[in-house]
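Input sequences plus hints: build the corresponding full structure.
In mature numbering (1 follows the signal peptide of the UniProt record, and there is no 0), the protein residues as written are -35 to -1, 1 to 616.
Please note that a few of the clues may not be correct.
Stated by the list, open to error - In silico DSS-like cross-links for lysine-lysine, where the CA-CA straight-line distance does not exceed 25 Å:
1. 576 to 465
2. 551 to 497
3. 465 to 497
4. 576 to 463
5. 576 to 597
6. 463 to 497
Since the hints were derived computationally from the structure, they do not count as laboratory data. Note that the structure is predicted; figures quoted are calculated from it, not measured.
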Amino acid sequence: MTFQRYFKEAALRPTRVLIATLLAFAIVVASPSQAQEEITLNLKGADISALINTVSEVTGRNFIVDPRVRAQVTVVSRRPMEADELYRVFLSILQVHGFSAIDEGEITKIIPDVNAKQMGAPIGGGEGDEVVTQVITVENVPVAQLVPILRPLVPQQGHLAAYPPTNALIISDRAANISRMTQLVRRIDRASDDEVEVVRLEHASAGELARMIASLQQQQQQGLGDGARAPARIVADERSNSLLISGDQASRTRIRALIAHLDTPLEDTGDTRVIYLRYARAADLAPVIAGVSENLPEAQQQGGEGTTRRRSEVNIQADEATNALVITAPPNVQRSLESIIRQLDVRRAQILVEAAIAEISGNHNRELGIETGAFDSQNDLPAFASFFSAHGGGTRSAINVGQGGQITPGNIGSGMSMVLGDISSRYRFGAFIRALAEDSQTNILSTPSIVTLDNQEAEIRVAQNVPFVTGSYTGVGTDDITNPFQTVQREDVGVILKIKPQINEGDAVLMDIEQEVSDVAARGELGIETNKRSIQTSILVEDGQLIALGGLIDDFVTEREQRVPLLGDIPVLGNLFRSRVSETRKRNLMLFLQPTIIRDINDANRFSQRKYNFMRAEQLGQRERGIFMQPKENAPVLPPFGEPVLPAPFE
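Structure, rendered in structure tokens:
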């Protein structure tokens, strides 16, 4: 290789004279026979673009240089290099200065490292400082666990990601670094000696033994600290009375030895044990377990007389004070009963039932009538009269004159009434005109709510205890003294809600419902009259669903007319002998219900907080309105939700 070409190029391009001169002194030819094959690089502070031009001419590669590729290069070499080795040195120089060479067919792009992983680096292959992308498949270890280990080994401009569906790692970096990480992954990716063993117990209880060993391992782990090996995992299978052990060989061997020492028969054939219940009532569960124990195969191992003797050895008693079951039975029977108890002694969900009874009714009454009459002022005998029952004898009451000559209104009643009369010495004549319009609107909304356990009947009763006369008696005593008395039966009148919910598969709730809404209407001749609306049904509803239980919509119209025959049929004048009453009643009654399943303390707090905050807001509003002639602070207010509800003593 000669220098004439460099000087000739420098002469044609004066701006590069200095760079060409430095390269001319830096490149020394090893021997005349090898001028086209081997060169020695010695550069100090040379521009990287000149080095790229030199490598392009020596290796025959075509380079596209990013405008951001700028640097001063220093290379010290003491021996000649071939073209391939020169290119590898060139890649190392680029890596040192933060650049990468990306091969794309006949063109090589020289770009900053930060863009290398996005510029189509080849997949697989490569060597040295070439930027490549490699997919490493892992067989035994989850790739998510390898990412935190390998990420510190990947430079900032590189890329490392895990793809869990195929359990593979995707790495974009220099080929040499990827090769190093591939070897590291292969050493880590080895099948562990963790296996699952099943140890069947003969005498001990699988559940109790699993809890005992787990507690022992937890204490040992705390004593050894975070650097200790993970303990073996133990799971109890109550059905087969077996233990499932998972872990390394040493841990499994140690646990098997411990189980062998504990799984030994008791000295006596029978034993007494106390089982404390967590959720169920001992008094309710004892009869169920006693009935189950009679049919257990373990309790009938012997035939004939032996069967009777074995059954008599099983004794189950409930201690309500400690909510515990005392079981006296052989060990194998105890294990079977304990398994049944644990399945029955579970936390039951609760159900919040909110009901709404909405009733809107309206009455419209209209009354118009004229009554006339002539009365004897001395003996109060009517000489002529037209009375109508709709007015209750208003003319007689209004016109009748008592002693002293005063007109007494009597039972004229409500509405606009007008009395016209002529008073003479003997007879009094009068006309009674009555007009009345009556409208009434009723809007009633009752929203009872109650919380109960699953499959537990509950009742809420907000009512007034009203006496009803059921009979009376008048008797004569020995002293001819009359002793009358009445028999009274008291009943609740108000809002009564009875429910018994049962949670089915999923979130469906089956409920037996009895709902009653009653109130005192009036006091009649035979006693108290009440209005009663009730419904009794069974429904299946989803959690949180609002359902209409039933309702009533009625429209009642009544029109009555009373008149004097013949006289009431006379046009126009017939109105003086006629009375009309019209009545319209409309009522809309609907019953709604919404159950909500409460499975944990968070659900319970959320619903309780809603009700609690509502009542507290009502109390705060009343305090703001104030109390007549009392300071506002005297109005009681609940504390914020979460604080103690009861005040401190002597506060």
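Holds or violated: residue 576 and residue 465, Cα atoms, limit 25 Å.
holds (22 Å)
25 Å Cα cutoff - pair residue 463, residue 497
holds (16 Å)
Take the C-alpha atoms of residue 576 and residue 463, compute the straight-line distance between them, and say whether it is at most 25 Å.
holds (20 Å)
Is the Cα-Cα distance between residue 576 and residue 597 25 Å or less?
With a Cα-Cα distance of about 24 Å, the restraint between residue 576 and residue 597 holds, given a limit of 25 Å.
Need the status of pair residue 465, residue 497: alpha-carbon distance at most 25 Å?
holds (22 Å)
Would the pair residue 551 and residue 497 pass a check requiring their Cα atoms to be no farther apart than 25 Å?
Judged against 25 Å, a Cα distance of about 17 Å means the pair holds.
Going through the hint list in order, the structure satisfies each hint without exception.
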